[in-house]
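Visitor: Sequence:
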Amino acid sequence: MDVIETLTTELTGSTARLLATAAGLSDADVSAPSRLPGWSRGHLLTHLSRNADSLVNLATWARTGVRTPQYPDPGSRDAEIETGAVRPAKEQLADLEESAARLAGALAAMPAEGWSAMVGGMRPPDHPAWYVLVRRVREVEVHHVDLGAGYECADWPEAFVRRDLHDAMVCWPHELSTVSEIVVEEVKDGDKHHQVWRELGSGPVLQGDAWALLGWLTGRSSGAGLRVMPEGASGNRPAVADAGPLPAPPPWLTVLAPPHLPATPPEEYP
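Residue numbers for the sequence shown follow full-length UniProt numbering, beginning at 1 and rising by one.
In case anyone wonders, no lab produced these hints; they're calculated from the structure.
Quick reminder that beta carbons are idealized off the backbone N, C-alpha and C, glycines included.
Mixed in with the good hints there might be a few duds.
Said to hold, decoys possible - For each label pair, taking beta carbons as the anchor points, the in silico distance ranges come out as:
1. E186 / A23: 28 to 36 angstroms
2. T178 / G13: 26 to 34 angstroms
3. E199 / P270: 18 to 26 angstroms
4. Q195 / A101: 32 to 40 angstroms
Modelling step: build the complete structure from the supplied sequences, incorporating the hints.
Guide: Pasting the structure below:
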């Protein structure tokens, strides 16, 4: 499969899991706080529905060549979320299902050349339309955890975790970095391997598996299971007493997409 087929399959699975969780929520559950400060689960579900519709706008832009902003402006986006947040669970679920179906239809209607068209969100940089699929998977997976309804970082699919950790490293805010290196632990064929991202800034070295690292980086987990080592220590070394506490993560997703993405959909990404 090429990247479009792969990402479409991922998105279908992510959406199905989100809808299953939403279907199990009562009216009281929907009005209860989510894990995002100041937002109920109703805010979050409404945001996910309106995000799907906003990405339909980007798909329309790519298909027609007519600039169609993702949202008219930040104020209207926020107003729609506030208005929709108070709806009961049944209406929230229907909206989530219908908006997801609209997005799936818009993506299915994309001509081959449309995936290479450049589109833009509310923040730079612009990106080729195929990356809309990456953005929607990210939106669904991260906010599914934010619902606080039984879906956790450990439930994230491996493909999503590895891709989003890669993109976070590519977009790393060096000037705001809290660590100097990140060491990703992987187990392949029973053997432990390490991928090291160096020269991130100043601070300790952080080591752990991809799920723990992405959860820490996105602020969706406490960083349990991560190991802190002194700056300059790299690789599979035991933690030491004076390595210090786990640092706070730097700001996440300061940009919507990595720079210099290939316009033509690659066979796989990353």
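Visitor: If a hint holds in the structure, say so; if it doesn't, say that too.
Guide: Against the structure, the hints:
Checked against the given bound of 28 to 36 angstroms, the beta carbons of E186 and A23, roughly 35 angstroms apart, stay inside it. For the hinted restraint 26 to 34 angstroms between T178 and G13, the CB-CB distance of approximately 33 angstroms keeps it satisfied. Checked against the hint of 18 to 26 angstroms, the pair E199 and P270 passes, with Cβ atoms roughly 19 angstroms apart. About 38 angstroms separates the C-beta atoms of Q195 and A101, a value consistent with the hinted range of 32 to 40 angstroms.
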